[in-house]
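Participant: Chain residues, written in single-letter form:
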Amino acid sequence: MKKIVFSSVLMAMLVFSGCADKKPAVDEKTTQEVVAQEVEAVKTETVSAQDSSVSESDISKSDLNEISMANLERDLSTVYFDFDKFVIRADMQNKVANSASVAKGAANTFTVKLEGNCDEWGSDEYNFALGLKRASTVKKALIAEGVNETRITMVSYGESNPACSDKNQDCWAENRRVDFKLLP
Amino acid sequence: MRILFILLFVFSLSYANDATIEVIKKVESLPTMAVEDSSVSYDDTFRLRFFKALVADLNVISLFNVDRHHRKTHYNKSDVMVENKDVDYVLRYRMSEDDDGALNLDIKLISASNEVLNKKYRISRKNVYVFVSHTIAYDINEFMGAPSVEWMKRRVVFSRVVAPKKTEIVISDYTLAYQHTVVKGGFNVFPKWANKAQNKFYYTSLDGKKPTLKHVDIKTGKSKAIISSEGMMICSDVSDDSKKLLLTMAPKGQPDVYLYDVDTFKTKKITKYAGIDVNAQFMDNKNIVFISDRLGYPNVFSKKIDTNSVEQMVYYGKSNASCSTHGEYIVYKARESSNVFSTNTFNLHLISTKTDFIRRLTATGINEFPRFSKDGDAILFIKNYKAQSSIGIIRLNYNKNYLFPLKYGKLQAMDW
Numbered sequence: 002m003k004k005i006v007f008s009s010v011l012m013a014m015l016v017f018s019g020c021a022d023k024k025p026a027v028d029e030k031t032t033q034e035v036v037a038q039e040v041e042a043v044k045t046e047t048v049s050a051q052d053s054s055v056s057e058s059d060i061s062k063s064d065l066n067e068i069s070m071a072n073l074e075r076d077l078s079t080v081y082f083d084f085d086k087f088v089i090r091a092d093m094q095n096k097v098a099n100s101a102s103v104a105k106g107a108a109n110t111f112t113v114k115l116e117g118n119c120d121e122w123g124s125d126e127y128n129f130a131l132g133l134k135r136a137s138t139v140k141k142a143l144i145a146e147g148v149n150e151t152r153i154t155m156v157s158y159g160e161s162n163p164a165c166s167d168k169n170q171d172c173w174a175e176n177r178r179v180d181f182k183l184l185p
Numbered sequence: 022m023r024i025l026f027i028l029l030f031v032f033s034l035s036y037a038n039d040a041t042i043e044v045i046k047k048v049e050s051l052p053t054m055a056v057e058d059s060s061v062s063y064d065d066t067f068r069l070r071f072f073k074a075l076v077a078d079l080n081v082i083s084l085f086n087v088d089r090h091h092r093k094t095h096y097n098k099s100d101v102m103v104e105n106k107d108v109d110y111v112l113r114y115r116m117s118e119d120d121d122g123a124l125n126l127d128i129k130l131i132s133a134s135n136e137v138l139n140k141k142y143r144i145s146r147k148n149v150y151v152f153v154s155h156t157i158a159y160d161i162n163e164f165m166g167a168p169s170v171e172w173m174k175r176r177v178v179f180s181r182v183v184a185p186k187k188t189e190i191v192i193s194d195y196t197l198a199y200q201h202t203v204v205k206g207g208f209n210v211f212p213k214w215a216n217k218a219q220n221k222f223y224y225t226s227l228d229g230k231k232p233t234l235k236h237v238d239i240k241t242g243k244s245k246a247i248i249s250s251e252g253m254m255i256c257s258d259v260s261d262d263s264k265k266l267l268l269t270m271a272p273k274g275q276p277d278v279y280l281y282d283v284d285t286f287k288t289k290k291i292t293k294y295a296g297i298d299v300n301a302q303f304m305d306n307k308n309i310v311f312i313s314d315r316l317g318y319p320n321v322f323s324k325k326i327d328t329n330s331v332e333q334m335v336y337y338g339k340s341n342a343s344c345s346t347h348g349e350y351i352v353y354k355a356r357e358s359s360n361v362f363s364t365n366t367f368n369l370h371l372i373s374t375k376t377d378f379i380r381r382l383t384a385t386g387i388n389e390f391p392r393f394s395k396d397g398d399a400i401l402f403i404k405n406y407k408a409q410s411s412i413g414i415i416r417l418n419y420n421k422n423y424l425f426p427l428k429y430g431k432l433q434a435m436d437w
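Protein chains in written order, with the numbering used here: chain A, 2 to 185; chain B, 22 to 437.
Hint data in this document are derived by calculation from the structure and do not stem from the laboratory. Just so it is clear, CB atoms sit at the ideal spot from N, CA and C, and this is done for glycine as well. A hint or two may mislead.
Across the chosen pairs, the derived CB separations fall in these ranges [stated by the list, open to error]:
#, chain 1, residue 1, chain 2, residue 2, range
1, B, M102, A, F84, 54 to 62 Å
2, B, K293, A, A91, 27 to 35 Å
3, A, C172, B, Y337, 50 to 58 Å
4, B, T376, A, G147, 51 to 59 Å
5, A, C172, B, K140, 23 to 31 Å
6, A, L184, B, T376, 36 to 44 Å
7, B, G122, A, A174, 49 to 57 Å
Listed next, the in silico DSSO-like pairs over lysine-lysine satisfying Cα-Cα at most 30 Å (straight line) [to be verified]:
#, chain 1, residue 1, chain 2, residue 2
8, B, K230, A, K141
9, A, K96, B, K245
10, A, K168, B, K407
11, A, K96, B, K407
12, B, K230, A, K86
13, A, K96, B, K264
14, B, K98, A, K86
15, B, K289, A, K105
16, A, K141, B, K289
17, B, K428, A, K114
18, B, K290, A, K86
19, A, K182, B, K187
20, A, K141, B, K231
21, B, K273, A, K86
22, A, K182, B, K140
23, B, K98, A, K114
24, B, K98, A, K141
25, B, K273, A, K141
26, A, K96, B, K230
27, B, K98, B, K140
28, A, K86, B, K186
29, B, K407, A, K141
30, A, K182, B, K428
31, B, K140, A, K86
32, B, K395, A, K168
33, B, K98, A, K182
34, B, K140, A, K114
35, A, K168, B, K187
36, B, K289, A, K168
37, B, K407, A, K114
38, A, K105, B, K98
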């Protein structure tokens, strides 16, 4: 009898202590997150150390020039990309070709600025680099279509210039893009 | 048979004592602490605000179970309040405004009816009160003999997106309670402290024709342009002596890592791969880690500044797009889910270059932009979860994360 009691106690101990797994490759235990209550923000003073950025280059430009630039920009259509990709999709090839002919034709006196953009999945440098690689791919395509390389400049805005700020896949797809801007 | 049982029993005991259980025990056995307010100046709103800041700091030092009740008593009363008589430590403080309008703060720490610590603080402007709160927590942590929380007193500089192509650069404390907007009304990103004293910083301006790195001296308010590049220009890291910068530039549309000398204004190209090389950090004077897509997806690599050979540092995670280092440790952001847009997409992981162990540090949302504190005790990071942007702090030794939400806008980048 004693033996049975002893064995069952041992069994119970085994059950309650649980079967310890072998150490997993990744420590999956989630750390405890405590949201510390945020106190009200203190009034900020603007002792702004920064020149408020007014670009002087636009001052001498005639209104007429601006209107024609705005009209031409409408003919340069935005190029969209797949998630984490910077190759031009098949359905975007025609758009790039059309933009190239506008750039060579009516807009041939302006500089073409390519602005690379990303969706909100990441705010790090890699995301900015991805936006730039997108702009770079479009630049190469424009050069291949005969646009002079010296007329093209590029910049990446990462995720900081969203065209759409909703939280869904269509919206994210709208943000993975390269916009065309014209500079005098 | 009996021997077998005994063997099994001993075996099960040795495994039952794993790290998770240890942590729960520790939490339960933390000493209790209550905070008593004896302020004689200022209105109730400000008193409550200070109390909340202090309780938050005392929580973050992770040494006590802190009572959140705001109780008031007289500073010189010899006994602690009735409600707190069983509490291990009582922190009593008194705020008073002097004739010059400065905030004076006296504290005493009472344990078992004995006054074990007392200190005085004075600041000329009460709007920076939160730094006094951090200093009190720092002093109590020192008194308790715990590893230093020097980082608590440091300032955070961050950029916040308020509208497409519109950002603000803000200087704050690590809890975001104090905020001072220093650069407003432009498109400025990636702020980075320029020195240890935190009175100068760099940032990228995207308003001009080319992305430009700018330098601001906070004391004089002077801003100057440092260097420009087509496509991209980011200051990724500043060396300990503030003399060298690691920049990401793309003069020909090709993002690469460059070393910039602050005194001679010279740049030197460090990486040459035809894909993406970004986000370089100094490991020491001779070695850097950086993010590269040379394997077809972003991952963490290291290299010597003067040679061409490159070493892969991380072998787990499908897309590891940012990292920070401290000694042998690397914290990096990894995409874990195979579903690109699932809710649990980016988590931070900690690895040691000397062992194979990987520790996951976050659980939900998009966690990115990890930054080690100078002493390696804590990691600051950005968390975006359900349209809410927060700054998070991970106490590595205590296995705890604390979050401080941003009231408006989205955090773009930060440094501390």
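Participant: Hint by hint, say whether it matches the structure.
Facilitator: Hints and how they fare:
1. A hinted range of 54 to 62 Å holds for the C-beta pair M102/B and F84/A, which are about 58 Å apart.
2. As the Cβ distance of K293/B to A91/A is approximately 32 Å, the hint placing it in 27 to 35 Å holds.
3. Evaluation of the 50 to 58 Å hint for C172/A and Y337/B yields a failure: the beta carbon distance comes to about 31 Å.
4. Range check, T376/B to G147/A: about 57 Å between beta-carbon atoms, so the 51 to 59 Å window is met.
5. Judged by the Cβ atoms, the range 23 to 31 Å given for C172/A and K140/B is violated: they are separated by roughly 52 Å.
6. Restraint check, L184/A to T376/B: a C-beta distance of roughly 53 Å breaks the suggested window 36 to 44 Å.
7. Checking the proposed 49 to 57 Å range against G122/B and A174/A shows it holds: the Cβ atoms sit about 56 Å from each other.
8. For a cut-off of 30 Å, the pair hint linking K230/B to K141/A stands: about 20 Å separates their Cα positions.
9. A hinted pair counts as satisfied when its Cα atoms are at most 30 Å apart, and K96/A with K245/B does not qualify at roughly 40 Å.
10. Our distance criterion of 30 Å between C-alpha atoms is met by K168/A and K407/B, whose separation comes to about 9 Å.
11. Of the supplied pair hints, the one linking K96/A and K407/B is violated, its CA atoms being roughly 35 Å apart against a limit of 30 Å.
12. As the CA atoms of K230/B and K86/A are separated by approximately 26 Å, the hinted pair is consistent with the 30 Å bound.
13. With a CA separation close to 47 Å, the supplied pair K96/A and K264/B exceeds the 30 Å bound.
14. The straight-line distance between the Cα atoms of K98/B and K86/A is roughly 68 Å, outside the 30 Å bound, and the hint therefore fails.
15. Of the supplied pair hints, the one linking K289/B and K105/A is violated, its CA atoms being roughly 36 Å apart against a limit of 30 Å.
16. Restraint check: the Cα-Cα separation between K141/A and K289/B comes to about 26 Å, which is no more than 30 Å; the hinted pair holds.
17. This hinted pair does not check out: K428/B and K114/A have alpha carbons roughly 34 Å apart, beyond 30 Å.
18. Pair hint K290/B plus K86/A holds up; C-alpha atoms about 26 Å apart against a cutoff of 30 Å.
19. Taken as a hint, the K182/A and K187/B pair is honoured in the structure, with Cα atoms around 18 Å apart against an allowance of 30 Å.
20. In summary, the hint linking K141/A to K231/B is supported, as the alpha carbons are separated by about 19 Å, within the 30 Å threshold.
21. Between K273/B and K86/A the CA atoms are separated by roughly 20 Å; this keeps the pair inside 30 Å, and the hint holds.
22. Only pairs whose Cα atoms come within 30 Å are accepted, and K182/A paired with K140/B is rejected, the gap being roughly 60 Å.
23. A C-alpha spacing of about 71 Å is found between K98/B and K114/A, which places the hinted pair above 30 Å, so the restraint is violated.
24. Note on K98/B and K141/A: the hinted pairing is violated, with a Cα-Cα distance of about 78 Å set against a maximum of 30 Å.
25. For the proposed pair K273/B and K141/A, the alpha carbon gap of about 12 Å is at most 30 Å, so the pair holds.
26. Restraint check for K96/A and K230/B: satisfied, since their Cα atoms lie roughly 25 Å apart, inside the 30 Å limit.
27. Taking the CA atoms of K98/B and K140/B, the gap is about 17 Å. The hint holds against a cut of 30 Å.
28. Taking the CA atoms of K86/A and K186/B, the gap is about 23 Å. The hint holds against a cut of 30 Å.
29. For the proposed pair K407/B and K141/A, the alpha carbon gap of about 38 Å is over 30 Å, so the pair is violated.
30. A threshold of 30 Å between alpha carbons decides the hint, and for K182/A with K428/B the separation of about 33 Å lies outside it, so the pair is violated.
31. Taking the CA atoms of K140/B and K86/A, the gap is about 58 Å. The hint is violated against a cut of 30 Å.
32. At most 30 Å may separate the alpha-carbon atoms for a hinted pair to count; K395/B and K168/A exceed this at roughly 36 Å.
33. Proposed proximity of K98/B and K182/A is contradicted: the alpha carbons are some 71 Å apart, above 30 Å.
34. Using a Cα cut-off of 30 Å, the hinted pair K140/B and K114/A is violated, with the two alpha carbons roughly 60 Å apart.
35. Using a Cα cut-off of 30 Å, the hinted pair K168/A and K187/B holds, with the two alpha carbons roughly 20 Å apart.
36. Between K289/B and K168/A the CA atoms are separated by roughly 41 Å; this puts the pair beyond 30 Å, and the hint is violated.
37. A distance of roughly 34 Å separates the Cα atoms of K407/B and K114/A; the hinted pair therefore is violated under the 30 Å criterion.
38. Between K105/A and K98/B the CA atoms are separated by roughly 85 Å; this puts the pair beyond 30 Å, and the hint is violated.
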